[in-house]
Amino acid sequence: NAGVTQTPKFQVLKTGQSMTLQCAQDMNHNSMYWYRQDPGMGLRLIYYSASEGTTDKGEVPNGYNVSRLNKREFSLRLESAAPSQTSVYFCASSPRPGIVGNSPLHFGNGTRLTVT
Amino acid sequence: GENVEQHPSTLSVQEGDSAVIKCTYSDSASNYFPWYKQELGKRPQLIIDIRSNVGEKKDQRIAVTLNKTAKHFSLHITETQPEDSAVYFCAAPGGGADGLTFGKGTHLIIQP
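Residue numbers (the numbering used here), protein chains in the order written: chain A, 1 to 116; chain B, 117 to 228.
Chain B extracted, bound-state conformation (with noise of 0.2 Å):
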């Protein structure tokens, strides 16, 4: 089955910079890659994915990048606000039907 790795498990940026969180994945099948942000006691909420027929795609401040023959996709948070703290979870399809394998999570922290 697929096998997914996330790092860093915690990234601290300062208010205004950029943040990269970076997942790997096995199966070279794989063609979908969703990011899912989830705050503090709510559920995971889907912020943006990409088919593996792109590169990149790009929705105002967060954008992620694909790399097939590597088989990495990153997430980038440009101008991070406060709102931006958060677990963000990587995901590569795997478990099932249309299920997903996820990462085990980025603990992202904006420092005023």
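Next up, chain A with everything else stripped away, as it sits in the complex (with noise of 0.2 Å):
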């Protein structure tokens, strides 16, 4: 049971390319996250999916777009990089659907970012 795995650990991108960070969780869960974790300002959360087909903007969606691909996966790309996304992201994912803020968030090992 690997609970949350996040593909890759760290990237270095140029600005202007294109990535996608890869999260799949065997918890069977039904809500998954993408937060960004900066110095100084927590976890901020980007994208969410409270199940499987469905996806919804965060606190700061912009330049992000995410896929869940199935139950398991969720990924996060990033179309034309830029410094400001700079960070170090963290997949999570919740195992009691439907109950608001109800639940612990089991967090992946995070995928260190930086974009030159």
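Derived from the structure by calculation, the hints contain no laboratory data. All residues carry an ideal CB built from backbone N, CA and C; glycine is no exception. Fair warning: there could be bad hints in the mix.
Stated by the list, open to error - Label pairs and their computed distance ranges (CB to CB):
1. Ser128(B) / Thr54(A): 40 to 46 Å
2. Asp133(B) / Met41(A): 26 to 32 Å
3. Ala82(A) / Asp175(B): 23 to 29 Å
4. Gly157(B) / Lys57(A): 26 to 32 Å
5. Lys173(B) / Pro95(A): 18 to 24 Å
6. Glu121(B) / Thr54(A): 40 to 46 Å
7. Ala82(A) / Glu199(B): 36 to 42 Å
8. Asn70(A) / Gly132(B): 45 to 51 Å
9. Gly40(A) / Ala186(B): 21 to 27 Å
10. Thr116(A) / Ser168(B): 43 to 49 Å
11. Gln130(B) / Asn70(A): 47 to 53 Å
12. Met27(A) / Gly157(B): 19 to 25 Å
13. Lys187(B) / Glu52(A): 21 to 27 Å
14. Met41(A) / Val136(B): 20 to 26 Å
Unchecked claim - Below, computed lysine-lysine pairings styled on BS3-like, alpha-carbon distance capped at 27 Å:
15. Lys158(B) / Lys9(A)
16. Lys57(A) / Lys158(B)
17. Lys14(A) / Lys187(B)
18. Lys173(B) / Lys187(B)
19. Lys9(A) / Lys220(B)
20. Lys9(A) / Lys57(A)
21. Lys57(A) / Lys220(B)
22. Lys174(B) / Lys187(B)
Put the complex together from the two separate chains, hints included.
Written out as structure tokens, the structure reads:
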């Protein structure tokens, strides 16, 4: 049981390049999330998916797109990377759909992205 | 949406002393308040959580208290040890579905 798995662990991009961050969970959770973490800013929600086939914007969605490929996988895409997207990205999943704010999030190990 | 404020941003205590981190939230309907610990270079991990039907919860050296009227909750760590050094985040419901809105974190430093 690996929990939440993210790839890659590290990535360096040039401005304007694109890439996809991958996330998969093996806990049969319905809800999945992408957060970014910047120094002094805490964790901010980019996008989330309450169930397979649905996605919604979070607090900071600009410059990103997501795909909920199936129940296990939730990917985050940067179409044209910018230096402001330099951050640590965390994927998370939640076990109890439909009960707002009543269940813990399980985080992956993160992807450290640098855009030059 | 929910707004979570966390204080202090940095807290330095002597080993063996107690540490207290405080958070306030804005949405009176919020009913779940977790605390996460993040060690350097690692992922955030849940250490304790509390639901709005109780005022306090303890787990060994850590405890969380909740004051719904004042809309604030606090993390208490007693008999601090070097391994308690980390960044701690409070959170409250927000961000859609079962998502959470996080405070900006407290860097806890345990001085030997």
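A quick look at each hint next to the structure:
{"no.": "1", "hint": "Ser128(B) / Thr54(A): 40 to 46 Å", "result": "44 Å, holds"}
{"no.": "2", "hint": "Asp133(B) / Met41(A): 26 to 32 Å", "result": "29 Å, holds"}
{"no.": "3", "hint": "Ala82(A) / Asp175(B): 23 to 29 Å", "result": "42 Å, violated"}
{"no.": "4", "hint": "Gly157(B) / Lys57(A): 26 to 32 Å", "result": "29 Å, holds"}
{"no.": "5", "hint": "Lys173(B) / Pro95(A): 18 to 24 Å", "result": "19 Å, holds"}
{"no.": "6", "hint": "Glu121(B) / Thr54(A): 40 to 46 Å", "result": "31 Å, violated"}
{"no.": "7", "hint": "Ala82(A) / Glu199(B): 36 to 42 Å", "result": "38 Å, holds"}
{"no.": "8", "hint": "Asn70(A) / Gly132(B): 45 to 51 Å", "result": "50 Å, holds"}
{"no.": "9", "hint": "Gly40(A) / Ala186(B): 21 to 27 Å", "result": "26 Å, holds"}
{"no.": "10", "hint": "Thr116(A) / Ser168(B): 43 to 49 Å", "result": "46 Å, holds"}
{"no.": "11", "hint": "Gln130(B) / Asn70(A): 47 to 53 Å", "result": "51 Å, holds"}
{"no.": "12", "hint": "Met27(A) / Gly157(B): 19 to 25 Å", "result": "23 Å, holds"}
{"no.": "13", "hint": "Lys187(B) / Glu52(A): 21 to 27 Å", "result": "35 Å, violated"}
{"no.": "14", "hint": "Met41(A) / Val136(B): 20 to 26 Å", "result": "23 Å, holds"}
{"no.": "15", "hint": "Lys158(B) / Lys9(A)", "result": "11 Å, holds"}
{"no.": "16", "hint": "Lys57(A) / Lys158(B)", "result": "26 Å, holds"}
{"no.": "17", "hint": "Lys14(A) / Lys187(B)", "result": "44 Å, violated"}
{"no.": "18", "hint": "Lys173(B) / Lys187(B)", "result": "16 Å, holds"}
{"no.": "19", "hint": "Lys9(A) / Lys220(B)", "result": "23 Å, holds"}
{"no.": "20", "hint": "Lys9(A) / Lys57(A)", "result": "24 Å, holds"}
{"no.": "21", "hint": "Lys57(A) / Lys220(B)", "result": "20 Å, holds"}
{"no.": "22", "hint": "Lys174(B) / Lys187(B)", "result": "19 Å, holds"}
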